[in-house]
Amino acid sequence: MNKIFLVLKREFLSRVQKKTFLLVTIGLPVLIFAIYAAIFYFSVHSTSKTKIMVVDNAGLFKDTISNNAKDVVFEFTKGVAKSDLEAKAKNKDIDGYVVVPADATLDDKINLITGSKIGIMTRESITSAIQSRLEKLKMDALPVSQDLLKKAKTENKVDFVNVNDKNDSGMRAGVSYGVGIFCGILIYMILLLYGTSVMRGVMEEKVSRIAEIVVSSIKPFQLMMGKILGIGAVGLLQFLIWIVLGVGLKLLLIPILFPEASHMVASGAMGAGGSGADMAAVMQAFNTINFPLIITMFFVYFLGGYFIYASLFAAIGCSVSDGQQDAQGLQLPITLPIIIGFVIMMQAVNNPTSGLAVFGSLFPLTSPIVMMARVTQGVPDAVTWWELALSIILLFGSFIFTTWFAGKIYRTGILMYGKKPTWKELIKWAFRKN
Amino acid sequence: MAILELSHLKKYYATQKAVDDVSFSIEPGQIFGLLGPNGAGKTTLLRMITGIFYPDEGSIVFDGKKFDPENDIQKIGYMPEERGLYKKMKIGDQAMFLARLKGLSHSEALQKIKYWFERLEMQSWWDKKVEDLSKGMSQKLQFVITVLHEPKLIILDEPFSGLDPVNANLIKDQIFELASRGSTVIFSTHRMEQVEEICDQIALINLGKKVLDGKVAAIRQQYKEHLYEIKIDQPASQIGACDIFEPVNLAENKMIVRINDAYTGNDLLRYFLDKNIQVAHFGEILPSLNEIFIRLVHGTSAVTRSFHNI
Numbered sequence: 001m002n003k004i005f006l007v008l009k010r011e012f013l014s015r016v017q018k019k020t021f022l023l024v025t026i027g028l029p030v031l032i033f034a035i036y037a038a039i040f041y042f043s044v045h046s047t048s049k050t051k052i053m054v055v056d057n058a059g060l061f062k063d064t065i066s067n068n069a070k071d072v073v074f075e076f077t078k079g080v081a082k083s084d085l086e087a088k089a090k091n092k093d094i095d096g097y098v099v100v101p102a103d104a105t106l107d108d109k110i111n112l113i114t115g116s117k118i119g120i121m122t123r124e125s126i127t128s129a130i131q132s133r134l135e136k137l138k139m140d141a142l143p144v145s146q147d148l149l150k151k152a153k154t155e156n157k158v159d160f161v162n163v164n165d166k167n168d169s170g171m172r173a174g175v176s177y178g179v180g181i182f183c184g185i186l187i188y189m190i191l192l193l194y195g196t197s198v199m200r201g202v203m204e205e206k207v208s209r210i211a212e213i214v215v216s217s218i219k220p221f222q223l224m225m226g227k228i229l230g231i232g233a234v235g236l237l238q239f240l241i242w243i244v245l246g247v248g249l250k251l252l253l254i255p256i257l258f259p260e261a262s263h264m265v266a267s268g269a270m271g272a273g274g275s276g277a278d279m280a281a282v283m284q285a286f287n288t289i290n291f292p293l294i295i296t297m298f299f300v301y302f303l304g305g306y307f308i309y310a311s312l313f314a315a316i317g318c319s320v321s322d323g324q325q326d327a328q329g330l331q332l333p334i335t336l337p338i339i340i341g342f343v344i345m346m347q348a349v350n351n352p353t354s355g356l357a358v359f360g361s362l363f364p365l366t367s368p369i370v371m372m373a374r375v376t377q378g379v380p381d382a383v384t385w386w387e388l389a390l391s392i393i394l395l396f397g398s399f400i401f402t403t404w405f406a407g408k409i410y411r412t413g414i415l416m417y418g419k420k421p422t423w424k425e426l427i428k429w430a431f432r433k434n
Numbered sequence: 001m002a003i004l005e006l007s008h009l010k011k012y013y014a015t016q017k018a019v020d021d022v023s024f025s026i027e028p029g030q031i032f033g034l035l036g037p038n039g040a041g042k043t044t045l046l047r048m049i050t051g052i053f054y055p056d057e058g059s060i061v062f063d064g065k066k067f068d069p070e071n072d073i074q075k076i077g078y079m080p081e082e083r084g085l086y087k088k089m090k091i092g093d094q095a096m097f098l099a100r101l102k103g104l105s106h107s108e109a110l111q112k113i114k115y116w117f118e119r120l121e122m123q124s125w126w127d128k129k130v131e132d133l134s135k136g137m138s139q140k141l142q143f144v145i146t147v148l149h150e151p152k153l154i155i156l157d158e159p160f161s162g163l164d165p166v167n168a169n170l171i172k173d174q175i176f177e178l179a180s181r182g183s184t185v186i187f188s189t190h191r192m193e194q195v196e197e198i199c200d201q202i203a204l205i206n207l208g209k210k211v212l213d214g215k216v217a218a219i220r221q222q223y224k225e226h227l228y229e230i231k232i233d234q235p236a237s238q239i240g241a242c243d244i245f246e247p248v249n250l251a252e253n254k255m256i257v258r259i260n261d262a263y264t265g266n267d268l269l270r271y272f273l274d275k276n277i278q279v280a281h282f283g284e285i286l287p288s289l290n291e292i293f294i295r296l297v298h299g300t301s302a303v304t305r306s307f308h309n310i
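Residue numbers (this note's numbering), protein chains in the order written: chain A, 1 to 434; chain B, 1 to 310.
A portion of the hints provided could be inaccurate.
Unchecked claim - Result set (SDA-like, lysine to any residue): computed pairs, CA atoms no more than 20 Å apart in a straight line:
(1) K3/A / D93/B
(2) K3/A / L104/B
(3) K18/A / G92/B
(4) K87/B / L8/A
(5) K3/A / R119/B
(6) K219/A / Q74/B
(7) K87/B / R15/A
(8) K88/A / L106/A
(9) K90/B / Q17/A
In short, the hints are calculated from the structure, not lab data.
Make the full structure from the sequences, and use the hints.
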């Protein structure tokens, strides 16, 4: 035990003391956050505005077309010759123009002549602006007042109420959907990242020929376990840093960015309309999620999944002798279930009680990813307690099996140089006596 | 009492008998040479002695008790032929890690590392990384790591490969020193001249079987071909044949002869004395281990056997 700890310590320190550790640990989430922020920013603030010139000879639009997204500007002019407009469009002074003939009616087709290519989103935006303007004008022509129309148009809210739990708002389903996908993707990334990290570590030991020196002091199994635990500890440390960062950001940033949100959550006021109120609803939905359960389950599935895959990756690492290229072929049967788990997860998050979702969350090679997407939607609504228990039992049963299996392969593989073994040979090593 | 006693050790792989019924014993304080061509089964044998492999059959007695890998490997230092180090780790940390794996406490390990680093003039290496060391330098480090915990049994597999003569001598002196302080050394190689120089006793392995073992001097006696070299003051070609010997090689003033059965070196010398020929030099030629090795191994299809067909 003491020797496993020595190996663990070396693995842990050699990774944590590297200069790149903090950089990656802090830089990665910042980078991801920055990318999302950038995408969000650019989707809201379109950089270029599309300029459309309108010559409304029939007075159809009554000199205005409003555009909510503000990415298109309609400019009304009078008495500009068609050839001038054409020249402007060609010179890209304007993006397009509309000439409404003097005899046009509200039901006529509108012809928009474009100078440059207009993207599909902008086209959509132009079309809806023109249509809604015309719709309003048509409405005005009918003997129906706007007030009457508004009365007819009130939306009827549909509340989903679960028999067990009175609080099953759509907002909550949306938030737990988001949290589910987030946890699933996180576990998916952990399995791949830390799994391959274990594999590379084992390969490095074998290729650099230190393995035989080490196994003359300790058992190969101790070496393998020390490595898996050490890299797992690095992962846990990274999570702690992220959780601290996340909580810090939540406490610091949210009051700064949305000062009204926290206030509204506190007072429980949920008015209709306004982004502050929406935010408050999201926050309240967040608060109804069973975070202690989810965090506990996250660590259970993180550890279980990590041990299963890390030991399998270690088995691959020890059986190849010439680095990355050799490993690729053997790696496929192990990365495949992770990817399949990811695919099932995307489906399970929409339909947490489907047969595929239940299977995926019980099968130990996919359960760490799939089950995370289900438990966030609530126990026992989306997952029954017995499913959760069975899944965890299967997970830890397989973890014991794969560690044993990898340990057997490891003691043969780590000292074996020469040609790359096949999976068949690896299985033979595992079941050989001694 | 022997420090290590192997009896009928066997290790069979699917396609070959890597070690096939090998027995020998080693006395404490000896330098024991384990010889054999490439692929003879030396590494497999050593891996069984170091507890990395379990023998299929046979027994190992270490220090008077049945070999218990779990505990006894603390008393063994093994420097394998395929050896390396963690490339990115500092030399000092590396030595500390490996010493602690051998069960030394932090302070004990630190003290011993300092002692050995000083002894082999490596003090300034502590903060260097292995990737900055030359091959010879990392070899020295590996030697230090092997003997650091003062093992009772030191196993060195090709310890001099890649070392320049100066460093090879340095290591050789350390081996003698360790042996004189009571450590037993198993020295595995296929370089015979080193064996003759260093080892008290040897075992020769070929195709997994022990071909020969014993003291170096006794083995050379055992394989002697009754050859004598004589230098005289007249042309050797003038010496005619006789009952006592047959000339094997005649040069200007020198001849190598083989004594016939039933005669001794004294009979040969007397022959020259009787003829009143001035003898400047007279000596028996014993075969070198290299010659014995080649004679025993030659023609046995001792090809390099690989270990990947398990």
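| Hey, K3/A versus D93/B, does the alpha-carbon distance stay inside 20 Å? | holds, 16 Å
| query | Between K18/A and G92/B, is the straight-line Cα distance small enough, at 20 Å or below? | reply | With Cα atoms ~17 Å apart, K18/A and G92/B stay inside 20 Å; holds.
| said: Check whether the Cα positions of K3/A and L104/B lie no farther apart than 20 Å. | reply: With a Cα-Cα distance of about 11 Å, the restraint between K3/A and L104/B holds, given a limit of 20 Å.
| query | Are the Cα atoms of K90/B and Q17/A separated by 20 Å or less? | reply | holds, 12 Å
| said: K219/A and Q74/B were given as a pair; does the straight-line alpha-carbon distance stay at or below 20 Å? | reply: Between K219/A and Q74/B the Cα gap is close to 12 Å, so the pair holds against 20 Å.
| task | Please work out if K87/B and R15/A have their alpha carbons no farther apart than 20 Å. | result | holds, 14 Å
| query | Taking 20 Å as the top limit, are the C-alpha atoms of K3/A and R119/B close enough? | reply | Outside the cut-off at roughly 28 Å; violated.
| Are the Cα positions of K87/B and L8/A separated by 20 Å at most? | holds, 18 Å
| query | Going straight from one Cα to the other, do K88/A and L106/A come out at no more than 20 Å? | reply | violated, 27 Å
The earlier numbered hints that this structure contradicts are 5, 8.
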